[in-house]
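All chains, please: the whole structure from these sequences, using the hints.
In the order they appear, the protein sequences are chains A and B.
Its first residue numbered 13, the first sequence is counted upward by one per residue in the working numbering.
Its first residue numbered 765, the second sequence is counted upward by one per residue in the working numbering.
Just so you know, the hints here were simulated from the structure itself, not pulled from any lab data.
Lysine-lysine pairs mimicking DSSO-like chemistry, simulated, CA-CA at most 27 Å apart:
#, chain 1, residue 1, chain 2, residue 2
1, B, LYS821, A, LYS86
2, A, LYS20, B, LYS927
3, A, LYS86, B, LYS932
4, B, LYS927, A, LYS106
5, A, LYS106, A, LYS67
6, A, LYS20, B, LYS932
7, B, LYS932, A, LYS106
Label pairs and their calculated CB-CB ranges:
#, chain 1, residue 1, chain 2, residue 2, range
8, B, LEU823, A, PHE50, 24 to 32 Å
9, B, SER815, A, LYS86, 15 to 23 Å
10, A, GLU99, B, PRO789, 19 to 27 Å
This one's a predicted model, so the numbers in the text were calculated from it and none came from an experiment.
Glycine residues also receive a C-beta, built at the ideal position from the N, C-alpha and C atoms.
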Amino acid sequence: MRGTSRRKTIRLKQIRSGVRATREMRDALKSLGLGKRFMFSEIPDTKAVRAAIAKVPHMVSILDGPDILFPREKSTLGIDRIIDAVEAVRALRK
Amino acid sequence: MLRRRDPEYERNVFINCPFDDEYTPLFEAIVFTILACGFRATCARSRLNSSEVRLHKILEIIGDCRYSVHDLSRTEVDRTSALPRFNMPLELGIDLGCRAYGSGYEQKSFLIFDRDRFRFQTYVSDIAGQDIVHHDGDPNRAIARVRDWLRSETGRPDIPGAKAMQLKYATFRGELPAICEHFSLDILALTFADFLFVAGVWLTLKIRPLRS
Numbered sequence: 013m014r015g016t017s018r019r020k021t022i023r024l025k026q027i028r029s030g031v032r033a034t035r036e037m038r039d040a041l042k043s044l045g046l047g048k049r050f051m052f053s054e055i056p057d058t059k060a061v062r063a064a065i066a067k068v069p070h071m072v073s074i075l076d077g078p079d080i081l082f083p084r085e086k087s088t089l090g091i092d093r094i095i096d097a098v099e100a101v102r103a104l105r106k
Numbered sequence: 765m766l767r768r769r770d771p772e773y774e775r776n777v778f779i780n781c782p783f784d785d786e787y788t789p790l791f792e793a794i795v796f797t798i799l800a801c802g803f804r805a806t807c808a809r810s811r812l813n814s815s816e817v818r819l820h821k822i823l824e825i826i827g828d829c830r831y832s833v834h835d836l837s838r839t840e841v842d843r844t845s846a847l848p849r850f851n852m853p854l855e856l857g858i859d860l861g862c863r864a865y866g867s868g869y870e871q872k873s874f875l876i877f878d879r880d881r882f883r884f885q886t887y888v889s890d891i892a893g894q895d896i897v898h899h900d901g902d903p904n905r906a907i908a909r910v911r912d913w914l915r916s917e918t919g920r921p922d923i924p925g926a927k928a929m930q931l932k933y934a935t936f937r938g939e940l941p942a943i944c945e946h947f948s949l950d951i952l953a954l955t956f957a958d959f960l961f962v963a964g965v966w967l968t969l970k971i972r973p974l975r976s
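What follows is the structure in structure tokens.
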């Protein structure tokens with residue numbers, strides 16, 4: 013049907029805090045609809061969006077499924093340490 | 765006392781199940797599936813504050829969750845006391861009561877598990893009209909059942925298929941020992957909150973890590 017084609021979207025999740033990021037990185041996050049850790053946004057998949065993602069690749073994850081919710085309680089392990097551990101384990105397995 | 769319902773009520777899933785070592789593989793598979801489907805898993809273990817009365821804590825959690833998984837597979841006679849364990853059927857009863865009498869809780873949805881298909885009819889025949897599913901103690905079957913239930917109840921098209929979910933879980937189980945070793949943690953001694961965070965981070969990074 014004419015005019016009903018769905019625009020391709022991209023689902024993003026911010027996985028690291030923007031507190032120590034540069035202003036340029038924080039602006040890139042804002043343009044992606046993010047800003048705080050664990051924020052989720054679904055936006056059109058365009059070249060501009062991809063360019064903004066390329067500025068903050070370590071802070072953003074592209075999801076191909078639903079938004080993953082984290083518990084509200086604090087983890088005794090620390091989120092950043094878990095991220096580092098998961099990445100280290102993956103690097104070893106490669 | 766009236767209390768405000770959790771703002772994320774629609775995405776909270778309460779898990780009512782035994783918390784022993786034998787059940788842990790099933791429990792962790794169910795928690796992982798709930799997270800991977802985009803929901804928040806919660807259970808009596810998510811609040812370890814000893815100053816709270818356990819039943820009050822469970823009542824609050826039930827009131828905060830639209831979805832519930834009740835596993836009755838451990839309703840059996842205890843060898844030492846020769847009495848049945850009835851915690852799980854009691855919590856299922858509270859949840860059914862909440863749905864029946866609670867204003868605004870009519871849309872609550874349950875998934876009831878048992879070990880075998882018709883076993884529950886001998887000890888809680890009052891729920892014989894309900895559709896009860898069995899997992900045979902198999903985590904992969906439990907994953908498929910939980911995923912199918914959440915997908916059909918929510919109608920969300922973004923929930924991955926059962927096979928993909930089982931594959932993801934197998935990969936996660938393969939990496940979990942090394943992640944725990946990284947923290948010098950015993951894999952069997954992970955707290956509920958830590959398991960949730962590790963699984964949540966793993967799922968978020970696993971999907972498509974951007975950093976090589």
